[in-house]
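Visitor: Okay, here's what each chain looks like letter by letter:
Number of protein chains: 2
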Amino acid sequence: MTLMNQQVRLISRPDGIPQRENFAIETAPVAAPGPGEFLVRNVYLGVEPAMRGWVSAVTNYSDPVPLGSVMRAFGAAQVIASRHPDFAVGDRLVGWFGWQSYALSRGDDVVHRIRGREHPLSVYLGVLGVSGMTAYFGLLDVARPKPGETVLVSTAAGGVGSAVGQIARIAGCRTIGIAGGPAKTAICRDAFRFDAAIDYKSPAFEKELAAACASGIDIYYDNTAGRISDAALAHLAVGARIVICGTASVASWDPWPSGPRVERRLLVKRASMHGFLVTDYVARYEEAIRRLSGWVSSGELRYREDILERIESAPDSIAGLYRGENLGRRVIRLCAEDEVRPLSGG
Amino acid sequence: MTLMNQQVRLISRPDGIPQRENFAIETAPVAAPGPGEFLVRNVYLGVEPAMRGWVSAVTNYSDPVPLGSVMRAFGAAQVIASRHPDFAVGDRLVGWFGWQSYALSRGDDVVHRIRGREHPLSVYLGVLGVSGMTAYFGLLDVARPKPGETVLVSTAAGGVGSAVGQIARIAGCRTIGIAGGPAKTAICRDAFRFDAAIDYKSPAFEKELAAACASGIDIYYDNTAGRISDAALAHLAVGARIVICGTASVASWDPWPSGPRVERRLLVKRASMHGFLVTDYVARYEEAIRRLSGWVSSGELRYREDILERIESAPDSIAGLYRGENLGRRVIRLCAEDEVRPLSGG
Numbered sequence: 001m002t003l004m005n006q007q008v009r010l011i012s013r014p015d016g017i018p019q020r021e022n023f024a025i026e027t028a029p030v031a032a033p034g035p036g037e038f039l040v041r042n043v044y045l046g047v048e049p050a051m052r053g054w055v056s057a058v059t060n061y062s063d064p065v066p067l068g069s070v071m072r073a074f075g076a077a078q079v080i081a082s083r084h085p086d087f088a089v090g091d092r093l094v095g096w097f098g099w100q101s102y103a104l105s106r107g108d109d110v111v112h113r114i115r116g117r118e119h120p121l122s123v124y125l126g127v128l129g130v131s132g133m134t135a136y137f138g139l140l141d142v143a144r145p146k147p148g149e150t151v152l153v154s155t156a157a158g159g160v161g162s163a164v165g166q167i168a169r170i171a172g173c174r175t176i177g178i179a180g181g182p183a184k185t186a187i188c189r190d191a192f193r194f195d196a197a198i199d200y201k202s203p204a205f206e207k208e209l210a211a212a213c214a215s216g217i218d219i220y221y222d223n224t225a226g227r228i229s230d231a232a233l234a235h236l237a238v239g240a241r242i243v244i245c246g247t248a249s250v251a252s253w254d255p256w257p258s259g260p261r262v263e264r265r266l267l268v269k270r271a272s273m274h275g276f277l278v279t280d281y282v283a284r285y286e287e288a289i290r291r292l293s294g295w296v297s298s299g300e301l302r303y304r305e306d307i308l309e310r311i312e313s314a315p316d317s318i319a320g321l322y323r324g325e326n327l328g329r330r331v332i333r334l335c336a337e338d339e340v341r342p343l344s345g346g
Numbered sequence: 001m002t003l004m005n006q007q008v009r010l011i012s013r014p015d016g017i018p019q020r021e022n023f024a025i026e027t028a029p030v031a032a033p034g035p036g037e038f039l040v041r042n043v044y045l046g047v048e049p050a051m052r053g054w055v056s057a058v059t060n061y062s063d064p065v066p067l068g069s070v071m072r073a074f075g076a077a078q079v080i081a082s083r084h085p086d087f088a089v090g091d092r093l094v095g096w097f098g099w100q101s102y103a104l105s106r107g108d109d110v111v112h113r114i115r116g117r118e119h120p121l122s123v124y125l126g127v128l129g130v131s132g133m134t135a136y137f138g139l140l141d142v143a144r145p146k147p148g149e150t151v152l153v154s155t156a157a158g159g160v161g162s163a164v165g166q167i168a169r170i171a172g173c174r175t176i177g178i179a180g181g182p183a184k185t186a187i188c189r190d191a192f193r194f195d196a197a198i199d200y201k202s203p204a205f206e207k208e209l210a211a212a213c214a215s216g217i218d219i220y221y222d223n224t225a226g227r228i229s230d231a232a233l234a235h236l237a238v239g240a241r242i243v244i245c246g247t248a249s250v251a252s253w254d255p256w257p258s259g260p261r262v263e264r265r266l267l268v269k270r271a272s273m274h275g276f277l278v279t280d281y282v283a284r285y286e287e288a289i290r291r292l293s294g295w296v297s298s299g300e301l302r303y304r305e306d307i308l309e310r311i312e313s314a315p316d317s318i319a320g321l322y323r324g325e326n327l328g329r330r331v332i333r334l335c336a337e338d339e340v341r342p343l344s345g346g
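Residue numbers (this note's numbering), protein chains in the order written: chain X, 1 to 346; chain D, 1 to 346.
What the hints contain is simulated information worked out from the structure, not anything from laboratory work.
Heads up, a few of these hints could be off.
Pairs count within a copy or across copies, as identical chains cannot be separated in the list.
Said to hold, decoys possible - Heads up, simulated SDA-like pairs for lysine to any residue below, C-alpha to C-alpha not over 20 Å straight-line:
1) K269 / W256
2) K269 / P64
3) K269 / G53
4) K269 / T279
5) K269 / Y281
6) K207 / L277
7) K269 / S215
8) K269 / W54
9) K269 / V282
10) K269 / A57
11) K269 / P257
12) K207 / E300
13) K201 / S249
14) K269 / D254
15) K269 / V58
All chains should be built: construct the whole structure from the sequences, respecting the hints.
Guide: Written as structure tokens, this is what we have:
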């Protein structure tokens, strides 16, 4: 029996946010692994705001996904056949396995080997994966919170933002979340235990932000840029640190958008802004996952998932993130974890 | 005989850059020092780009100079009468003595006690004073240069910029200066030994900057903000550090000016921007002056001065800085150093 692989390929470059029509789903037979190769079945696929950058032809922090190729993505997967000495059938992995049902690997695209069985596989794409690690390193290594400080986070109900708020809380900080709409601000307060949550869609947004940040913002973890950040920068405390993790609110950088100049904000408050990419921390992923896993097990670090079903939901899934439709870390489930079987004869 | 004090007072707040008409020169008798006080005669007065901020009523890093009071300024001065146990007649001091010929002090406005006689008093307002220390801490502590890195500086012919370039050179860096006009770029190359100097007034500015920074900017020491910085930010190397020391090119922050958004520049290059004020480093001034003094004596650190004569030149002197008319650290000389005499009967 030949396995058939469903693959989501990039067929055109978006002008800004990737849309459904920039992708096509194709079917191709899966090759059996050759010497030094193994085959994984993807159980969950990641959907990232950063994918906008990955498909852009504009100079960026990674080479653009080539037109016609499988969309670059994290997969949480299980090895179903192996001719590689370090990877055995049944191993659970997170890797750059792409938006497809199966992936052949030589091991160089593996990001992390999953140990233990206490958490479902999906969380290794979320709170114990790129979202949690992005929060962990950006907050703890770049911003370096001190107990008693005020930490403001944008997209606070999302995968990264909710983890930032909770890790800041664990670090002894006062936490303020910004999210869009009453449903998300309620989740921030109730599920993620932010001390305050502010709706950026409210006409009173700037006034409410000013009231919540009356004593100044020590750390602003920025996932949005745009007018949310402009409002935050007016309330920095002396010595504030701003982590630039994402620019979700900016639809396009071509032409390059303008905004209020930041130089004087930073100068007057001796504040700093730091661009940050989690991929610079690969060597410390194990440390982060170990600590994050402990906080998840103890209940100190909660997470929500937004699980789309079937690979057909992939093409529109990035645009959906930018429409703000998810209430948690967005992943795509391709199959149930317990239905993954070794490849017969593999 | 009653000594008469000439004082430059702030009589109105400028809209942006302080102009001649915002100040008035008045004459008042000098009081003799009471118990715990001493009297200094100012030999040199400082003229700072930052004075724009000091006289602004807009929230800032220091309280605004009150209307009607003597303009806040550094003075390099000599004690001419003392009833203070720690300050003796003949002591040479740098302090917040204001734009006036004489100042009464209780010691709390003293910034630095000048040791040794190998340098003229004026340099303690410049390369061995606030300009040199601003360069020293901003470059060495905030940006932390490594040998072989490329350091770009704006206002490179000025007091801070020229010191930044030369300290970066001492640290083993390649140095690129930005200055206005061929006279200043020639000084950058010839006097201050920048590896390259670029004229921001040239129509080819952006092209020349791109060529000089082809391998990327590791450190940008920003004294200007505005379009010079916008051009620099397009050429950051991965891990670049930007020191925000001044915003000389921005005439007014009311209304707040816009410019190209920086978030994506910082994110893609994992770069950081740091607001910086030298006054946060008071506890380490002695260290800085000691090292700067050694570099001046060895010839590794050169400086130029732009010396205005008489207190009457003070009211227009800040505007002149922003007109770019000085070719070096601007100070005002009130008298010759060797004509300062102890107050008879003081």
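Visitor: Each hint needs a verdict: does it hold in this structure or not?
Guide: Okay, the hints, checked on the actual structure:
In this homomeric assembly, K269 and W256 come within 20 Å of each other (Cα to Cα) only across copies, at 16 Å, whereas the closest approach inside a single copy is 27 Å. Taking identical chains as interchangeable, the C-alpha atoms of K269 and P64 lie at most 20 Å apart only when they sit on different chains, with a minimum of 16 Å there against 37 Å within one chain. In this assembly of identical chains, the alpha carbons of K269 and G53 lie at most 20 Å apart only when taken from different copies (13 Å versus 31 Å within one copy). Within a single copy, K269 and T279 get their C-alpha atoms only as close as 30 Å, which misses the 20 Å cut-off; across copies the closest is 12 Å, which meets it.
Within a single copy, K269 and Y281 get their C-alpha atoms only as close as 29 Å, which misses the 20 Å cut-off; across copies the closest is 15 Å, which meets it. When the C-alpha separation of K207 and L277 is checked against a cutoff of 20 Å, the pair qualifies neither within a copy, at 31 Å, nor between copies, at 29 Å. Proximity of K269 and S215 under a CA criterion of 20 Å is satisfied intra-copy only: 13 Å inside one chain copy versus 32 Å between copies. Taking the shortest alpha-carbon separations for K269 and W54, only the inter-copy value of 15 Å comes in at or below 20 Å, while the best intra-copy value is 34 Å.
Taking the shortest alpha-carbon separations for K269 and V282, only the inter-copy value of 17 Å comes in at or below 20 Å, while the best intra-copy value is 32 Å. When the C-alpha separation of K269 and A57 is checked against a cutoff of 20 Å, the pair qualifies only between copies, where the shortest distance is 16 Å, while the shortest distance within a copy is 36 Å. For a Cα distance limit of 20 Å, the shortest separation of K269 from P257 across copies, 18 Å, qualifies, whereas the shortest one inside one copy, 25 Å, does not. For the identical chains of this complex, K207 and E300 are neighbours neither inside a copy (31 Å) nor across copies (53 Å), given an alpha-carbon limit of 20 Å.
Within a single copy, K201 and S249 get their C-alpha atoms as close as 12 Å, which meets the 20 Å cut-off; across copies the closest is 35 Å, which misses it. In this homomeric assembly, K269 and D254 come within 20 Å of each other (Cα to Cα) only across copies, at 18 Å, whereas the closest approach inside a single copy is 31 Å. For the homomeric pair K269 and V58, the shortest alpha-carbon distance between copies (13 Å) is at most 20 Å, but the shortest distance inside one copy (33 Å) is not.
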